[in-house]
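So you can see what is in the structure, the chains are spelled out below.
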Amino acid sequence: MSNRILLVEDDVALGQQVVDSLSQAGFDPHWVQDGDAARGLNPDDYRVIVLDLMLPGTYGMDLLKRYRVKSEVPVLILSARDDTADKIRGLKLGADDYVTKPFFPEELLARIQACLRRPNLVGTERLVVGPIQVDLERREVTTSERTLSLTPVEFEILALLARRKGSAVTRDTLVDAALDPSHDTSRRTLDVHISRLRGKLGSDATQLETVWGIGYRLSEGS
Amino acid sequence: MKLRTRLALTLGLATISLLVVLGWAQSRWHSQLRVDAIAEAAVHRMDSGGRERCEANPEHWPGPQGDRLARRHQGSSRHPGPRHRVFAYDAEFQSRNLHNPTFPPELAQQLKAGKDIASYRSADQRRTQVAVRMAWDEGPCAVVLMRIKGPPPWLSGAVLMPAFLVALVMILVALLAAGPIVRRVRQLTESVRKLGSSSEEPIHVEGNDEVAELGAAFEQSRQTIHTQLASLREREAALRNYIANTTHDVMLPLSVLQGHLVSLQRRIEAGETLDANAIVPSIEESQYLGSLLHNLNAAARLEANDGLAHRDPIDLNRLVERVVDRHRPIAKRKQIALEVAVPENMIEFPGDLTLLEQALGNVVQNAVRYNRAEGHVAVILDGADEAWTLQVVDDGPGIAEGDRLRVVEPSFRGSEARTRHPHGMGLGLHIASDVAKRHGLRLALSDTKGGGLTVKLIHAGA
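One line per chain: the protein sequences are A and B, in this order.
Letter 176 of the first sequence, counting from 1, is numbered 176 in this note's numbering, and no numbers are missing.
Letter 430 of the second sequence, counting from 1, is numbered 1430 in this note's numbering, and no numbers are missing.
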């Protein structure tokens, strides 16, 4: 799929900065500086639309309404006004998220990435996280080296982490989801299961990270 | 026209109109009485020898010099009676006396219609003629005509003078009676005029009538205007204060930022090799500047007490991720691990999106800003819609227990809270505390196990 991103921003300096950071991040930005010019564009030609609200010509909110009539493309609002009503109205009109000015380019990229991630994989039968593959139907886990023999608790822990790959999951969540409530449900027990799981993952154990203050995360890889 | 004059004239005119109507009715009644009296006098006169004299000498009756009688009207002894002239006619209204006037056709018509007494008043109302058919319907004196001169009773001075006096008295009474009302209306007018220059003095009109009610209505309006003006003045003062404070507060980090940039420039000019970390203080200060502006805006809203003007369902998961993403760049540059965990299912909470985001942002910013290099900050949202906890855990220097109470004290004093503090005790945590309270949340500060600070936002039931 194309990496095209539509940026509707009238400020030249800010627009150029955003274009540069999007380009450096591997996106293909199309920058439009006027609301009227953006009206005629087909939103489905883009993966994400980054939309400023205070625009010359057509107001950003009107553009959003227009786009939402015919498209479900993710829209990220850039707002200079710290006004709750504007943000809420934007979200109710179908914006996926907003970023308040001033912002770091990394923040904008992170929010764009979050928009692109959104259709989650819940319900998918086969989860792939780097070299680790989790087959939910057959309850089987394979790594780059072999098929693992996991206990039911270890499988539940790994499946939950795989479903939310890249995100930190708290110890409490893992305890509630994977451990048998009639037996020991302490965090220490969880840590023991994690330790055994890492042992079974072998060289791929680096994918299973400990997250300070939170719990664990299964990441795609460094 | 002034109120008093208008009242007097109205009352005078009403009195005159009433007297005219009464006078007219009285005149009609007097006229009828007069006709009856004249007719009775004519019959009496003819019965007491007049008939015999008339029939004996009809050509000269009542005599060449006339039979003028100056007698008082029967039943009206208080007023001088009018003068009568008497003429005799036969049944066909013909007279034997050649000096008698022709019988008036208007009276003849009435008598022919069957009446025994007929009367007629001249167009100028100055003369009345009465014809009486006698009991005998034959001979030269069967019909007697009487002519009376003089104004009708109601136009006489005896009627007009009292009417004039009564009207005059009524006008004077009206003028006197209107005096107190006019005074009170003038007092009210004066009070209302003063509203233009000052709204402090209350409007008070004594009494229990419509003027007092009008005064009370004006007083109510004055109070409303006074309250609104006070509110506007307060807002204006708050706005001026906000602008002054904002200018002051922004100048400080801006000066620090300029200092960093100038220092960098000098180091580069001196040929010093700089690494990427050299720019971190400048970036950090610019972020602080942006955050400060948001905080000042939030503080202004909280001080104006309209902090929860917007309360909408908020996706807390998204809010937490957004705040963490905002602080990742600065955390990364400071080599601080900033992590986030949200539950798989969205937690929804009704609140003010901007204020809640600012509150959490302040806590996260402090955790990052005052942490050491290679430190840790974890933001954890856990629970469900009905009960949840949002924690910001760090392994930084923490806040002494005595200072924690000051951070979460109930009242929020803008001027004191704006002061920059080296340990994160400035505006940010005050705002977080205030926002939490306004949302019914509890803000709890505690030590992190192993060192650092843990800030918890707790939704009731958690």
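Rather than coming from a laboratory, the hints here were simulated on the basis of the structure.
Virtual Cβ for every residue (Gly too), placed ideally from N, Cα, C.
One should not assume that every hint holds.
What the hints assert, rightly or not - Computed footprint of chain B on chain A, listed as stretches where at least three residues anywhere in the stretch have a Cβ under 8 Å from a Cβ of chain B:
#1 23 to 31
#2 137 to 146
#3 204 to 216
Said to hold, decoys possible - Facing chain A, from chain B, some residues (calculated, C-beta under 10 Å):
#4 1293
#5 1325
#6 1327
#7 1328
#8 1339
#9 1342
#10 1354
#11 1378
#12 1387
#13 1391
#14 1442
#15 1445
#16 1448
#17 1451
#18 1454
#19 1458
For each hint, the structure was consulted:
1. Here's how the stretch 23 to 31 of chain A fares: 0 of its residues keep a CB closer than 8 Å to some CB of chain B, so the rule of at least three is not met and the hint is violated.
2. With 0 residues having a Cβ less than 8 Å from any Cβ of chain B, the stretch 137 to 146 of chain A misses the three-residue criterion, and the hint is violated.
3. Coverage of the stretch 204 to 216 of chain A by chain B holds [criterion: at least 3 residues with CB-CB distance below 8 Å; count 5].
4. Residue-level restraint check for residue 1293/B holds (minimum Cβ-Cβ distance to chain A is 8 Å; threshold 10 Å).
5. Interface restraint check: residue 1325/B against chain A, minimum CB-CB distance 4 Å, threshold 10 Å, status holds.
6. Interface restraint check: residue 1327/B against chain A, minimum CB-CB distance 8 Å, threshold 10 Å, status holds.
7. Taking 10 Å as the C-beta cut-off, the interface hint given for residue 1328/B holds, the closest approach to chain A being about 6 Å.
8. Evaluation of the residue 1339/B hint against chain A yields a held restraint, the C-beta minimum of about 5 Å falling below 10 Å.
9. Here the hint on residue 1342/B is kept, as its CB sits about 8 Å from the closest CB of chain A, short of 10 Å.
10. Among the interface hints, the one on residue 1354/B holds; its C-beta lies about 4 Å from the nearest C-beta in chain A, closer than the 10 Å criterion.
11. For residue 1378/B, the suggested interface contact is upheld, since its CB lies about 3 Å from the closest CB of chain A, less than 10 Å.
12. The beta carbon of residue 1387/B is not positioned within 10 Å of any beta carbon in chain A (closest approach about 14 Å), and the interface hint is therefore violated.
13. Interface hint at residue 1391/B: satisfied, since its Cβ lies 8 Å from the closest Cβ of chain A, which is below the 10 Å cut-off.
14. Because the closest C-beta pair between residue 1442/B and chain A is about 19 Å apart, greater than 10 Å, the hint is violated.
15. The criterion of a C-beta within 10 Å of any C-beta in chain A is not met by residue 1445/B, whose closest approach is roughly 16 Å, and the hint is violated.
16. At a threshold of 10 Å, the smallest CB-CB gap from residue 1448/B to chain A is about 8 Å, leaving the interface hint in force.
17. Against a cut-off of 10 Å between C-beta atoms, the interface hint on residue 1451/B is violated, since the closest Cβ of chain A lies about 12 Å away.
18. A distance limit of 10 Å between C-beta atoms decides the matter here; for residue 1454/B the minimum to chain A is near 9 Å, and the interface restraint holds.
19. A distance limit of 10 Å between C-beta atoms decides the matter here; for residue 1458/B the minimum to chain A is near 15 Å, and the interface restraint is violated.
Hints 1, 2, 12, 14, 15, 17, 19, counting from the list given before, are not met by this structure.
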